[in-house]
Amino acid sequence: MISRSLGPEFGGAVGLCFYLGTTFAGAMYILGTIEILLTYISPSAAIFKAEEVGDETEAMLNNMRVYGTCIITLMAIVVFVGVKYVNKLALVFLACVILSIIAIYAGVIKTAFDPPDFPICLLGNRTLSKRSFDVCAKFTESNNETKTTTLWRLFCDSPFLNATCDDYFSLNNVTEIQGIPGIMSGVLTDNLWSSYSEKGSIVEKKDQPSVAGSEETKMSGLPYVFTDIMTYFTMLVGIYFPSVTGIMAGSNRSGDLKDAQKSIPTGTILAISTTSFIYLSCIVLFGACIEGVILRDKFGEAVNGNLVVGTLAWPSPWVIVIGSFFSTCGAGLQSLTGAPRLLQAIARDGIVPFIQVFGHGKANGEPTWALLLTAGICEIGILIASLDSVAPILSMFFLMCYMFVNLACAVQTLLRTPNWRPRFKYYHWTLSFLGMSLCLALMFICSWYYALIAMLIAGCIYKYIEYRGAEKEWGDGIRGLSLNAARYALLRVEDGPPHTKNWRPQLLVLLNLDSEQLVKHPRLLSFTSQLKAGKGLTIVGSVLQGIFLDKCTETQKAEENVKSLMGVEKTKGFCQIVVSPNFRDGISYLIQSAGLGGMKHNTVLMAWPQSWKQTENRFSWKNFVDTVRETTAAQQALLVAKNIDLFPTNQERFTEGNIDVWWIVHDGGMLMLLPFLLRQHKVWRKCKMRIFTVAQMDDNSIQMKKDLQMFLYHLRLNAEVEVVEMFENDISAFTYEKTLMMEQRSQMLKQMQLSKNEREREIQSITDESRGSIRRKSYSSPQSIGQDAQALLTNDYREEEAQLIHDRNTASHSAPVVKASVAAAVPEKVQMTWTKEKFVAEKHKTKDSNVSGFKDIFNMKPEWGNLNQSNVRRMHTAVKLNGVVLNKSQHAQLVLLNMPGPPKNRKGDENYMEFLEVLTEGLDRVLLVRGSGREVITIYS
1 MISRSLGPEF
11 GGAVGLCFYL
21 GTTFAGAMYI
31 LGTIEILLTY
41 ISPSAAIFKA
51 EEVGDETEAM
61 LNNMRVYGTC
71 IITLMAIVVF
81 VGVKYVNKLA
91 LVFLACVILS
101 IIAIYAGVIK
111 TAFDPPDFPI
121 CLLGNRTLSK
131 RSFDVCAKFT
141 ESNNETKTTT
151 LWRLFCDSPF
161 LNATCDDYFS
171 LNNVTEIQGI
181 PGIMSGVLTD
191 NLWSSYSEKG
201 SIVEKKDQPS
211 VAGSEETKMS
221 GLPYVFTDIM
231 TYFTMLVGIY
241 FPSVTGIMAG
251 SNRSGDLKDA
261 QKSIPTGTIL
271 AISTTSFIYL
281 SCIVLFGACI
291 EGVILRDKFG
301 EAVNGNLVVG
311 TLAWPSPWVI
321 VIGSFFSTCG
331 AGLQSLTGAP
341 RLLQAIARDG
351 IVPFIQVFGH
361 GKANGEPTWA
371 LLLTAGICEI
381 GILIASLDSV
391 APILSMFFLM
401 CYMFVNLACA
411 VQTLLRTPNW
421 RPRFKYYHWT
431 LSFLGMSLCL
441 ALMFICSWYY
451 ALIAMLIAGC
461 IYKYIEYRGA
471 EKEWGDGIRG
481 LSLNAARYAL
491 LRVEDGPPHT
501 KNWRPQLLVL
511 LNLDSEQLVK
521 HPRLLSFTSQ
531 LKAGKGLTIV
541 GSVLQGIFLD
551 KCTETQKAEE
561 NVKSLMGVEK
571 TKGFCQIVVS
581 PNFRDGISYL
591 IQSAGLGGMK
601 HNTVLMAWPQ
611 SWKQTENRFS
621 WKNFVDTVRE
631 TTAAQQALLV
641 AKNIDLFPTN
651 QERFTEGNID
661 VWWIVHDGGM
671 LMLLPFLLRQ
681 HKVWRKCKMR
691 IFTVAQMDDN
701 SIQMKKDLQM
711 FLYHLRLNAE
721 VEVVEMFEND
731 ISAFTYEKTL
741 MMEQRSQMLK
751 QMQLSKNERE
761 REIQSITDES
771 RGSIRRKSYS
781 SPQSIGQDAQ
791 ALLTNDYREE
801 EAQLIHDRNT
811 ASHSAPVVKA
821 SVAAAVPEKV
831 QMTWTKEKFV
841 AEKHKTKDSN
851 VSGFKDIFNM
861 KPEWGNLNQS
871 NVRRMHTAVK
881 LNGVVLNKSQ
891 HAQLVLLNMP
901 GPPKNRKGDE
911 NYMEFLEVLT
921 EGLDRVLLVR
931 GSGREVITIY
941 S
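All letters in the sequence shown, in the order written, are residues 1 to 941 by this note's numbering.
If you're looking for bench data, these hints aren't it; they were derived computationally from the structure. Do not take every clue at face value.
[Claimed, not checked] Derived lysine-lysine pairs resembling DSS-like cross-links, with alpha carbons at most 30 Å apart: (1) K110 <-> K206; (2) K572 <-> K686; (3) K600 <-> K520; (4) K147 <-> K110; (5) K88 <-> K262; (6) K600 <-> K572.
Produce the entire structure from the sequences given, and follow the hints as far as they go.
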């Protein structure tokens, strides 16, 4: 019931605890049977005898161990023979119990007019043990001669009247009162209030007169009745509670019931009502008939070990003795019958692997192996032999079971599960919640340390089932609770974009599958799990080409393969397989639609297409570049792992080495954040982080290094910093990727609707200012200024380029390498720098200027067109930068590099791929990083 409502983990954990509770209860009942046998039926049958005074308890425990082992063997044989014999014996036992209960009520009525003779001896107000003497007096008169009694000799140093006696004995009289004064005696008023005592204290009658001695003498050896344990309410509840646990016996055997839906509720409610009435009425009647000192005398020392309730009952004490004996026998048999079936049911569910063998039994379904285990555990309880030691832990196991039964009902109701349709018309979820709260409170009230032990045992079983247990889907309530919580959280998350300090890479991992629907690069998932030290979302996606109706089976197979690999690589996340007629469109669908609400990916992780030059490869460079474009359009970050098959698995460990970050362009902090996240994983934990930034020859490298170190200090990142100096013409094309083509410049001037003369003046003013203020190296072959200006005006498609000062990203988040202005070359040392200020001024000067012109300029993409002079220069940049990176980072465990954007003109896609290939050549493991345009790291915690 619990496993189907709250999940297999809860069901298995609580079920096993309930099984242990039921099994140990069986041991407790058998110990009770032995105690009745050896104390009241046949004391002479004891094998072990007490050799000295005070050894009685140890001898009794040893007798219990021997006789208990014999009785449990006998009971196990009866249960093994068949449950039908247990059911027949149960009727006999029930008849004996009913007779005993009737005898008790009859005896109570009899005390009203004829109470039994049941004397107890008091010294002052202290109860005396009658096991050591027979006459309740200090001395007796016989033939006009005063003789001291055995009691005198116990308290005095000699039998003579002039002997030195115990001070309390001398000052107080010995009196004899009736232990069972009867229901009309008014003793109820004395017993109405609690009277708890410390361990080793004397059992006293409060209203009896007494004189305290001048000094307290040593109590040991004197025939007082002492308490053997400290008593308090919660401890007594823990001991008494197992006596009411039999109400679930019918549920344990529900498999044998003809109509369980009808029988269990009817039988359980009747059992609760009957036992509650009998227990409560007996407690009140005992308090009204019997002296309090006898009720607190655990072993009946004051009445020479006689059975008090037996003396109270009518017509004979033997009715109670035989009824108690058969009651405990029957309860033990019920435990040995129910517990194996409980274990068998848990084993057959298959949720706990190591107990599955106990699901088997005889041909008729009798749980043979489970019975053997149950008998073995019972034997452990019998070897403990102390009822007081066994009872509290039993209470915890039963209370835990009842608590989760109540919780299961409450959860099902609160979640409004469609299949939760209770037949009991008076049911309300508040009753279940109240029952659960009472059980939890009672666990800690009874014994907080036993409660913690029981919870620890249940917790260990829960984690074991979660870790090793078989997967079961029973539509449990916890899943419904999770769905409700997930829905609520998603609605809350979608309220707004996350703050920078909450940003973490929510990954969409693009996998490539082969013809067998197997993952081509499993190491990509290894890298994903290593990167997910930052937690967050992971969606693993892949695309199958074709029509969904035709590819259903392949889609399921692919999903199973991917999920299996995710399990192996310990990648926590979701799998999404998309079927599309076109591979490129499928990737686009994933980038656009993966995720739900606020739980959408913000970063795409993919492998570099190693064989991109082979045109038959379906994930060709065209698809790759288009994916780069689409992530940029979706404002998502992009991570490209090159040589992914050389990346470490989760089992590998780097004992040394570096993670090198080449910080060319500030990308919102992605390059800083990724090494930090990787170093949280044990694979990369011992690697050091190094950050390289590129400076030009005329930069202040020392100041730049200090600034970067201070920046990292505020970010609380530990990393070595190194500034690499390069000539400006080696890095300009890479560092400032948003460039203006001559063609784009002409289009922009047209948008501003300048006349031909105004255009000439504009070009001239730019060249004059550049010539006067900035001295740069030239990239181009010698040409005259006039020729260049003429080319600008007449040829709109001339592919010489000018560099923009700031792009939108670097303007707002300037990295140390970004300088105030930079210009790409035009012929013969002529620098053409198009500044933002000049453009704005020109815009305001011209009335008809286009408003979108400004944005168009700052959103321009670099062109990677045909292999002309510009691309030769770009390759020169890649080769130079690659040389510098190889020189510094060839032996690094991982190199992170900024990834320049793709060309706007699709004709340049192949040159763009060549550029990236040249840039990363010779490096083992490379992660190309392209930021999303937003800050992802902050100095605030």
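Hint by hint, which ones does this structure get wrong, listed from lowest number up? Going through the list in order, the structure violates hint 4 alone and respects the others.
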